[in-house]
Amino acid sequence: MANVSMLDIDGISVVYQTTQGPLLALRALDLKVEKGQFVSVIGSSGCGKSTLLRVVSGLMSVSEGSARLSGSAITGPRSDVGIVFQQPTLLPWKTVIDNVLVPIRALGLPIANYRARAEELLELVGLGKFANHLPRELSGGMQQRAGIARGLIHDPAVLLMDEPFAALDALTRERMTMELQSIWLNTRKTVVFITHSIPEAVFLADKIVVLSGRPGTKILEVPVDIARPRTLETLASPEFGKIANQLREMLGASSAMH
Amino acid sequence: MTKLKAYSVSVISITCFLLIWHFGTKWSGVPSYLLPGPIEVAKSAWVLYSTGLIFPHIGITLTQMLLGYFLGCIIAFLLGALVAEFVLAERILFPYVVGFQSMPKVALAPLLLVWFGFGMTFKVVLVALICFFPMFINTMTGLRSANPDLVDLYRAFSAPRWLIFWDVKLPSAANSIFAGLQISIVLGLIGTVVGEFLAARQGLGHLIQSSSMNFDVGAMFTSVFTLSLIGVLANFAVRSVYRKVVYWEKTTLTAPVSGH
Ligand SMILES: Nc1ncnc2c1ncn2[C@@H]1O[C@H](COP(=O)(O)OP(=O)(O)OP(=O)(O)O)[C@@H](O)[C@H]1O
Ligand SMILES: [Mg+2]
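Order-wise, the sequence lines are chains R and F.
Note that this note's numbering has the first sequence beginning at 587, numbered continuously upward.
Note that this note's numbering has the second sequence beginning at 61, numbered continuously upward.
No wet-lab data here; the hints were simulated from the structure.
Just so it is clear, CB atoms sit at the ideal spot from N, CA and C, and this is done for glycine as well.
Some hints could be false.
Said to hold, decoys possible - Example chain F residues on the side facing chain R (calculated, C-beta under 7 Å, incomplete):
#1 E145
#2 A149
#3 A206
#4 L210
#5 D212
#6 Y214
#7 A216
#8 F217
#9 S218
#10 W308
What the hints assert, rightly or not - Listed below are the simulated DSS-like cross-link pairs for lysine-lysine, each with C-alpha atoms no more than 27 Å apart in a straight line:
#11 F/K304 x R/K680
#12 R/K828 x R/K618
#13 R/K793 x R/K828
#14 F/K86 x F/K103
#15 R/K715 x R/K680
#16 F/K310 x R/K680
#17 R/K715 x R/K828
#18 R/K715 x R/K621
#19 R/K775 x R/K621
#20 R/K804 x R/K828
#21 F/K310 x R/K715
#22 F/K103 x R/K715
Take the sequences, apply the hints, and build the full model.
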């Protein structure tokens, strides 16, 4: 069952129509993600990382190439992806548990059948006691964890995470990275994780994809064969350092070209 | 302690004002048919209230104001939502919005008078017209201010449009909508009085005018104070509804923070 392709992106180009004319955001991008794999995507600001997620979640169509998810072409919004945004993006007027249930509501599924699962997920992300609180009563890190629970509620085939920890302080960020690993080890979801942070990318991923500056295209793909669960010691290990350096060089070179 | 202090300052301020008013009018020799003292005003208020003479006026003013207010606000909300949601509606309505927006609506009063006659309809329509714009603009901008990520989240799960409107856009617009409701209620009261100045047989605006003909300045003052009381209460009502409806905002009116 290994090497089953979950996400199969083949030579896609994406164009935005802007006031200044068309703008090429992604160019001839390939990306393959296997079932159960954790893939980090890293690249400079504005290189099209969020655009890539918009394509996979069916919110944007490609002008060239093809994108397939679990074997079927992505033609519009679909129910088998989960999304976690850069900001927590919770509805301030709904309780935490109702926020987690938003995808169910939006999909028109019976909410009652998913309540228990929502509670389990909140437990998993450490928010069991906060189910009935309003988002403003939670810290930024807690809100982001609620966002992760929401991304998982409908048991999506793929979880897309767009710089989920970018808005957090360094300490919380480190802790959340550890927690995400344990959540992932528990669920073994296919994850596409977008980040600016090299250590975060290496720590979490099975595979790292580096994008060039705009228009974004793949300039490097590195496998990360470090045993799991990874710990704080991993950060100091030579393998970790080697991959991190390789990424740093590559990102430095690509931004030096501008 | 501090709260008590804050109140006592207000009480002192009002007492001083009344005293200055009282002795000012007494000693300056301004005739009381131009500016009555507070005691004369209080007497006249007592007469108007104890005999119940003022209540039909209050009733009619309130009715006209509230009917016009709700009519104007409901239409404004519906059109505002339509324009915010549908580009076509915006294209069709926008020129009129721009055209009407900067027009002082009371200028239309004589025309409305011709169309609707001297009755209640005239005043209700005038008030509705005056209430319309603040509510319309606030509804529209509020609905458009919804966080695009939240909208995307719903769209990514193929949520029907009405659900996005109900779950995301409407609550996002709540603050704006209530700002519109609050501006409109004040304007609505002004509109009612203007309407009653122009044509009325009852109402506080009419009472002000008829008592001015009789040089009954005390009754005028009583009506004016009654109007401001209505304004304060209406404002308060909107704000308490706001606190009930928009429960997710921290809206407990912040008491002045003081270290001691
Ligand atoms: N809605 C839009 N309309 C027009 N152009 C857009 C739009 N969204 C993004 N772009 C353009 O597409 C490019 C890629 O944007 P995208 O948001 O995917 O970048 P990103 O890699 O996610 O950046 P960041 O790391 O800063 O989030 C940007 O240069 C931006 O100018
Ligand atoms: Mg982005």
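key: Hints not upheld, ascending by number   = 1, 2, 3, 17, 18 and 22
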